[in-house]
Amino acid sequence: MSEQEIRTRLERCFALTFPQLDPASVPSASASRLAAWDSVAQVSLLTLIGEEFGVEVDFEDFEDATSFTAIESRLREKLD
Amino acid sequence: MRLSEALDVIRAGVPDSGTVRRIHLICGFTPLHLETFVRARAQLRFPAAKIEIDTGLFGDLEGNVARAAHKSADAALVAIEWADLDARLDLRSAAGWKSETLDDIATQIGERLTRLHSLLRALAAAMPVAVLSPSLPLPPVTHFPPSQSGAFELQLRAAMAGFLERLAADRHLRVVSESELALRSPAAARLDAALLLHAGFPYSIAHADAVADLALACAFPAAPKKGLITDLDDTVWKGILGDAGVSGVSWSLDRRSHGHALYQQMLGSLAQSGVLVGVASKNDPTLVESAFARPDMILKPDQVFPFEAGWGAKSDAVSRILARWNIAADSVVFVDDSPMELAEVAERHPGIECLRFPADKPAAILELLWTLRSLFGKGEIREEDRVRASSLRTAAAIEPAAAGEASEEFLRKVDAKITLDYEMDSGRAFELVNKTNQFNLNGRRFTEAEWRAYFEQPGAFLVTAGYEDRFGPLGKIAVIAGICEGLRCAIDVWVMSCRAFSRRIEFQMLARLFENTRAKALLLRFSPTPRNGPTQECLRRLLGFDPPEGEIELTAEQFRRNCPPLFHTVHQPSRKERQTA
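Going line by line, the protein sequences match chains P and L. Just so you know, we're using the numbering used here here: the first sequence kicks off at -19 and counts up by one. Just so you know, we're using the numbering used here here: the second sequence kicks off at 9 and counts up by one.
The hints are simulated quantities; they were obtained by calculation from the structure and are not laboratory data. Wrong hints could be hidden among the right ones.
Chain P side only, calculated, beta carbon under 10 Å to chain L, not exhaustive [said to hold, decoys possible]:
1. Cys(-7)
2. Ser19
3. Val23
4. Thr27
5. Glu36
6. Asp38
7. Phe39
Output of the computed footprint for chain P on chain L, the stretches with three or more beta carbons under 8 Å from beta carbons of chain P [said to hold, decoys possible]:
8. 38 to 44
9. 198 to 207
Here the structure is a predicted model, which means the values were calculated and not measured. Beta carbons: idealized from backbone N, C-alpha and C, even for Gly.
Bound conformation, chain L alone:
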């Protein structure tokens, strides 16, 4: 983005929607164009919000971090440069580059990084923080020629690497990727020495834009896609299975088809991180089964669910997979080598992200793999990610069993256990609230800062439900949050993963809420959305009429009358355990 484009975005502004996104931009230099780009990029990211940027004092990085921790914001972006860690490394100072001071500079930087670490941790306790490590070159302070790294430089880099590693271990502290920054902003074109000396701003325009964009992406990560549907022939492997046979398809260096091995490797890795991987292939199902039984397959059959192999339209296969996963097309990526198949699927499933597998083009395959990482990447892998595919597979397996007898009888026999958790700092709860569409009381989404602020209100509570039955665990799959004042209990958040439907978990959660709060009625803050039909159905059942938008009162008497029989064993912490939590 050019500076004029950024200013155009800012000048265009937004209609006053009442939403504000406040961002701390923390650096030791004059923020100048970095502030402009952060404001413009943030505006593009949050088109309906008014963007407010707080900046600090020149030359006081540590103080700026400390002060920001006491001012609420949706996120903080922290740009560290070598000059902030020791003034002798600042091109605007002329304190001397004496060889005898180098050890002292290294010592000072080590101490300063230790202090900065604790300040950043305090800041991260209040809001998500994206940290940019020094992106500008060290000044030529040592006697070494530029072609050679001396001990001083390596010592500084080691101290910085250790510091960043410690930051990355904290889930609220996110380190901006230096390698991604290097792709977008070449090292030699980052410094604007004239601007630095004249105005105290060290970044070139292009570098300021790249830093702003990446830091915002780190602080406000996009919701990752949930599922990937892949073709097989000339995609997962090279060759047409029906023509070449099971031993004729390949994915190896020897057969000049290694790009397919890399793709399989990526699919396996995505499956491990909780991404649903399904197959839609025009093929003979028994042949597909045999191919996946080959011991050298990198993508294992248990990492794929479901397999849709047959001769019908690809879009029909995709429909069946989406129904099996119970997720919408816009959460899914479809990969195929055929432009025609991609077009057919895109037309039938608007919103699905269609990507062409560029067979025989290694560089383009690698680019595709990076695109997949970008679409599915997440900062943390939870237990729920590990069990997602297996729980769907189990659900499919038990469906015939459930259909064969009265559903109530079936639910009675599955040994369902629900564990209620009152942990306020639940990353999983935050994740569920921001990605669940179908069972969602009102579709409300939260930024991390809004989520934390919500629970700072008096009487705020959070209940997370985990579920397990004799077919296996589903992990934490439902969340209720609200505010209790005396016997008045208002619910602002009520979501449940679609994997947990038809188990009456939602009813059990309300039953426990009535029991624990002794409330005579719950106030449900309901809004219909285009996708929350299952929530509307649940409310209709409990209320006996179509739920109106707004605050709905559900009395304990209404609930008792209309709640279906529940068969779960519920574990919840004792009052003492809850108080400790």
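In isolation and in its complexed conformation, chain P is listed as follows:
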């Protein structure tokens, strides 16, 4: 899977989880700046990522990944 494809699909997961988020703001999204990003949203987002990329997401592994960039980076490691 190309880097661009990973990013596009990850952006789609964010758009579904945070429908109020402006698409242009997705790459800079983080829990500290997005009120809707609470623990429930984090679980929904990670479940969606697991479904989208066909991987088993360990919630603990991603516990401190609370920004788009952190999740993208953790996901790339998992897919490698």
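Given the coordinates of chain P, work out where chain L should sit on it, guided by the hints.
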């Protein structure tokens, strides 16, 4: 449905139509993805409505049920898991699985189920409730290996079975079918232990979707189809009647044609539950009659009406049957083994559901039988269901008699009796309102919650009419509902079954309404629909002009002037009986 698809549905939303469907989702765990799937599935079921989901508090199933009973909603979905009945069965607790506590767990669960039963009954008094019994496995609390069921597990299951049986006896409480759930969501793939421990949500994505879909189907059942038209050769029986002869066609294990026996059995069962069953067959009518006279026929001739056997196009036969039943094609299923016949009927009757009979394929026949149950299934069988076919048969028999003399003279002689009923909790009235198209004042449909809320308004009334004449009973066939304030009486609902046409029952209902309410005028809230021509005709006759859409005033004077002569004997409860009711 995948989680992303569910979120897509939710994100797409709906234009603001002003309609809201509110659903209580009641469980003891975090509703998380179950809420997402309920919202998405409900949106698909009600595409024009805004969906609102109310959830409760974590770990408080009983409290959530109790609180929901005080908040109005269109339905409640209740998911019970073992952990809700005793915290010691919760994988998130570590209270110990001591053998000496098992008896206590069983006792506690029995007591909790008793309390839950009364709470659910109170909830069901306010709205329809779909209840899901524990769908997740019990944790490994006993010393038994997984291959063996111990007394503890069996005791819990027996308590649960008794509890569900008591729930199922209440028509507003619907138990989600565990066997159907098992088909859609295999037991081994239901639990998501990681999600449970991390977030308090126990269901896998697929299981959450299956639970949401089934629970919604239970809470908002689709209107069942009304009639089934079937072919005969290689469908009701194996073989071609014209070639094999009456004794040559078969439906038995010995003749390797048992699938046809099962199909006949299903048709008989459907007929018993009030489904109209008709035959459209390219055959010699006398041969068909002889075949149905065989004593081993499982489907009996009196369960079929009408028989259309002949050599014309199947679609013509279907047209005649639909006219005889007086129902639209989209309420009907047509079953035939020939793809060509199915296509010909489908083209001529858009909306009819055409199903192919898969002769010689037992598994596919069984699947067809389940499909028929799904299309015709209903939660309750009423007296009207039992008399439907016979009343149509009688109507056909008396038509020549009626045509032979003045219709008025004929109506005078049929000893017609109308019984008016003021029972507010009439399930039959609700059913009629939601399935009647032709004699329907405005086509308005109600959810169960809307129906109940309507009658909570001050001055709301409901009148249901039953009819019987010397040719037999028709059961409860007409409904009027409205709001009376002083001498002002507005009618929002006025429907009558098509089986009851041409008997002037609709006029008698208005006559009694004028008499009972002493209203100087009735306000009829009328809307034309593509199908309510008979209502428009009735209003035209009473008003003397084409009824306009909106609130129509029909004065007592207009009614007296234009109402045709009525010959019914009317029984209605006395004022005292009505007050008691």
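A quick look at each hint next to the structure:
Evaluation of the Cys(-7)(P) hint against chain L yields a held restraint, the C-beta minimum of about 8 Å falling below 10 Å. A hinted interface residue such as Ser19(P) counts as satisfied when its beta carbon comes closer than 10 Å to some beta carbon of chain L; here the least separation is about 7 Å, so the hint holds. With a least beta-carbon distance of about 5 Å to chain L, the hint placing Val23(P) at the interface is held under the 10 Å criterion. Residue-level restraint check for Thr27(P) holds (minimum Cβ-Cβ distance to chain L is 6 Å; threshold 10 Å).
Taking 10 Å as the C-beta cut-off, the interface hint given for Glu36(P) holds, the closest approach to chain L being about 8 Å. The criterion of a C-beta within 10 Å of any C-beta in chain L is met by Asp38(P), whose closest approach is roughly 7 Å, and the hint holds. At its closest, the beta carbon of Phe39(P) sits 4 Å from a beta carbon of chain L; the interface hint therefore holds under the 10 Å criterion. Look at the segment 38 to 44 of chain L against chain P: 4 of its residues bring a Cβ nearer than 8 Å to a Cβ of that chain, three or more, so the hint holds.
Three residues within the 8 Å Cβ limit are the bar, and the segment 198 to 207 of chain L against chain P gives 4, so the coverage statement holds.
Comparing the model with each numbered hint stated earlier shows that all of them hold.
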